[in-house]
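Assemble chain B onto chain A, guided by the hints.
There are 2 protein chains.
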Amino acid sequence: MMNVAKDSLRIDQTRLRADFEALAQIGATRDGGVHRPALGEAHLAARAWFRERAEADGLGFRTDGAGNHSACLACGPPGAPILLLGSHLDSVPRGGRYDGALGVLAALEVLRVVQETGLALPVHLEAIDFTDEEGTLVGLLGSAALAGTLDPDELRQPRGGREVLAAGFARAGLTDESVLGVRRDPATLAGYLELHVEQGARLVDAGVDVGVVTGIVGYCSYRLTFTGQANHAGTTSMAERADAAQGACAFTLRARELVMADYAGGVVNVGDMHFSPGAYNIIPGAVALALEFRSPEAETLDRLEADLLALAREQAATFGLGLEVAWQGRCEPALLDARVQSLIAQAADGLGLSHVSLPSGAGHDAQSLARVCPAGMLFVPSVGGVSHSPDEFTRWADCVNGANVLLQTVLRWARLDSNANLTDEY
Amino acid sequence: MMNVAKDSLRIDQTRLRADFEALAQIGATRDGGVHRPALGEAHLAARAWFRERAEADGLGFRTDGAGNHSACLACGPPGAPILLLGSHLDSVPRGGRYDGALGVLAALEVLRVVQETGLALPVHLEAIDFTDEEGTLVGLLGSAALAGTLDPDELRQPRGGREVLAAGFARAGLTDESVLGVRRDPATLAGYLELHVEQGARLVDAGVDVGVVTGIVGYCSYRLTFTGQANHAGTTSMAERADAAQGACAFTLRARELVMADYAGGVVNVGDMHFSPGAYNIIPGAVALALEFRSPEAETLDRLEADLLALAREQAATFGLGLEVAWQGRCEPALLDARVQSLIAQAADGLGLSHVSLPSGAGHDAQSLARVCPAGMLFVPSVGGVSHSPDEFTRWADCVNGANVLLQTVLRWARLDSNANLTDEY
Chain A
1 MMNVAKDSLR IDQTRLRADF EALAQIGATR DGGVHRPALG EAHLAARAWF
51 RERAEADGLG FRTDGAGNHS ACLACGPPGA PILLLGSHLD SVPRGGRYDG
101 ALGVLAALEV LRVVQETGLA LPVHLEAIDF TDEEGTLVGL LGSAALAGTL
151 DPDELRQPRG GREVLAAGFA RAGLTDESVL GVRRDPATLA GYLELHVEQG
201 ARLVDAGVDV GVVTGIVGYC SYRLTFTGQA NHAGTTSMAE RADAAQGACA
251 FTLRARELVM ADYAGGVVNV GDMHFSPGAY NIIPGAVALA LEFRSPEAET
301 LDRLEADLLA LAREQAATFG LGLEVAWQGR CEPALLDARV QSLIAQAADG
351 LGLSHVSLPS GAGHDAQSLA RVCPAGMLFV PSVGGVSHSP DEFTRWADCV
401 NGANVLLQTV LRWARLDSNA NLTDEY
Chain B
1 MMNVAKDSLR IDQTRLRADF EALAQIGATR DGGVHRPALG EAHLAARAWF
51 RERAEADGLG FRTDGAGNHS ACLACGPPGA PILLLGSHLD SVPRGGRYDG
101 ALGVLAALEV LRVVQETGLA LPVHLEAIDF TDEEGTLVGL LGSAALAGTL
151 DPDELRQPRG GREVLAAGFA RAGLTDESVL GVRRDPATLA GYLELHVEQG
201 ARLVDAGVDV GVVTGIVGYC SYRLTFTGQA NHAGTTSMAE RADAAQGACA
251 FTLRARELVM ADYAGGVVNV GDMHFSPGAY NIIPGAVALA LEFRSPEAET
301 LDRLEADLLA LAREQAATFG LGLEVAWQGR CEPALLDARV QSLIAQAADG
351 LGLSHVSLPS GAGHDAQSLA RVCPAGMLFV PSVGGVSHSP DEFTRWADCV
401 NGANVLLQTV LRWARLDSNA NLTDEY
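Chains as they are written, first to last, in our numbering: chain A, 1 to 426; chain B, 1 to 426.
No wet-lab data here; the hints were simulated from the structure. The beta carbon of each residue, even a glycine, is placed where N, CA and C say it ideally should be. Errors might be hidden in some of the hints.
As the list claims (entries may be wrong) - Some, not all, of what chain B presents toward chain A, calculated at C-beta under 8 Å: (1) 135; (2) 281; (3) 282.
So that you can see chain A by itself, here it is in the shape it has in the complex (with noise of 0.2 Å):
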């Protein structure tokens, strides 16, 4: 086949929205959200229509210790690298349709795409289906584990809860041993790309297309608990009091003033609070806090850290409370592959498609599998910049956008050379 055949390829529209809005279902929430946190029973169902929807298609399929599912084709020579397309069909709690739904739907397009056109690529291709990029458990636990940068630490003391997540290991059938031994030699890996929406209003704003991911915030997480006496909450004078909740509150204020006074590219979270024993009549003895905070660079990461830290152990003193804190997981901030990124604003160019290269202020998969092969990533427009949240839209013409801007770039990748090699430095 040509390159001018490949360059007029598209992905079939009608069958990736077929595809779009029966994985909604899957967990759906009244609100026209999805609820499927990693591992549990809708994340495990979407699992496994996707795993039914690739085997009726022809395609392979495997899937590893860390429960990471993928669609394969072999349209590579023997011997040949993978390139990994993918994203993930866990959702946060309650959150939207759009967010790691559409890349892994667009990679199985892409996979048909070439299936059926009988194209053969210097590289096979593998659409996968990373476990547990949202952290509910650990955050890009399946894609870490599959790049070797898995900290065993975190599978100790995940982020959200080491019940919880054994809980889901037994759901799926996994451990903390077959997790942590599911790394891929990068030798085996061209590379990874990933289509995504954006969680940000920043192309939406723009009028633009397509977003070319430059590089990925890293984050920090923590659970910090304040520490009083519990107490009657009559008898007990306004001054004797050791109120858990105070210092929560304080340092949750003005940690948000600490970011916006000196951290102009990072933010933080407070996403939770746990008060114990929470009830009205007793002065809390302890309050939980869920905290994240996130910079695009590792040094500001670390001050921002530091300052946070110190920030919770001034307000616990103010308030003569004792201070728990509990790491909870880093991700490096990443930079994708220069080359990749400018594959995908050939491809975009090519479609007639406008582009802005741009940040990434999430997390993803990409970053884990930056640290071992070319990765790249590519956002489509986020309605209202609304994320995490069952009011995520993406306008349907974007998301076709978006999967065949993803194709283009597997054919130019592929174009490359007979290697399709990027991977000289990794």
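Below, chain B alone, put in the same frame as chain A:
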């Protein structure tokens, strides 16, 4: 029997101690406290135990449509009014062994002593365990139902949540109708007496044996929900966020400052928060908080209520959030009967115990009864003032002193006149 002989009557402290230790095993927590939320399994087990003890001692037993459990002694002439003695066997979640339990057991012990001595009094005696004093469901539920002052709204929107209430009612065989139908005709009540631990440090700090309670603070509770926009915690810039946690936290800090600055006799507590959806990487879309505040005067309670609601609206506006306000209930402040206070003081004097008059910062069932009959309360010292905690502790000698003052107050009350008539103005 002569008055001199009555003055020398004492409760059986060995028997009281055995009861106390047995009861503390029901719902016991590993840290030495008890977990007996109202109408939960442990609370129902405690009631079954109480009933067994009463019946084993040959006392009568009654239960009513609000679940209140009573041991009864017909020691008065036919048609005589009943002098209620009591408190509650429920606890706050993971609370202490003394709160409520001491008052019920001392009441039971008074009945046994009167029964054994064969005393004929001008009143009948009833040792009552009131349902849900602590407010896991509604607060003062059983005593308000008995007094006829229970607001049906509090059953429809109970502060513990309607599901928890319904589950408890089902477990105990109660219905809204049965609860609302248990009012007793005040003409049948001679009055109410309650022994309780102080739950504050005033008696301990002053080295005084007994507190004669002058009145009980009123309290009011609300569920306040700050609503923003759930969104991705990495991709949404700090400036763009509508973070519900910011409003909830600012309110929690400012409410404390407000009360400390302007409400010397008042207290405020944010005892619980619930974040939605509640994840490290999602900006909180909604945070619901459990608010309770107290004041000894009704007018001050009104003013504090208005100030706190205004503060919540102000903080919601500051952070661009919505606010949902759900009233959860109110208990009016109560003055306790001056003549009963005097009887308690005389009883303490007769026992050679020091005493002091003081208001109660905690709500008590006496508050409900004070609206329909002469009611009195006495406190014994709480070590360190610790309450609503497994660390709650009262020296055993003080528990015995309190039970003896309760017994002697009953005997002095009975001596007043042949009708034990304190009920003129009720």
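Hint check:
The beta carbon of residue 135 of chain B is positioned within 8 Å of a beta carbon in chain A (closest approach about 6 Å), and the interface hint is therefore held. Evaluation of the residue 281 of chain B hint against chain A yields a held restraint, the C-beta minimum of about 6 Å falling below 8 Å. Checking residue 282 of chain B against chain A: minimum C-beta separation of about 5 Å stays under 8 Å; hint holds.
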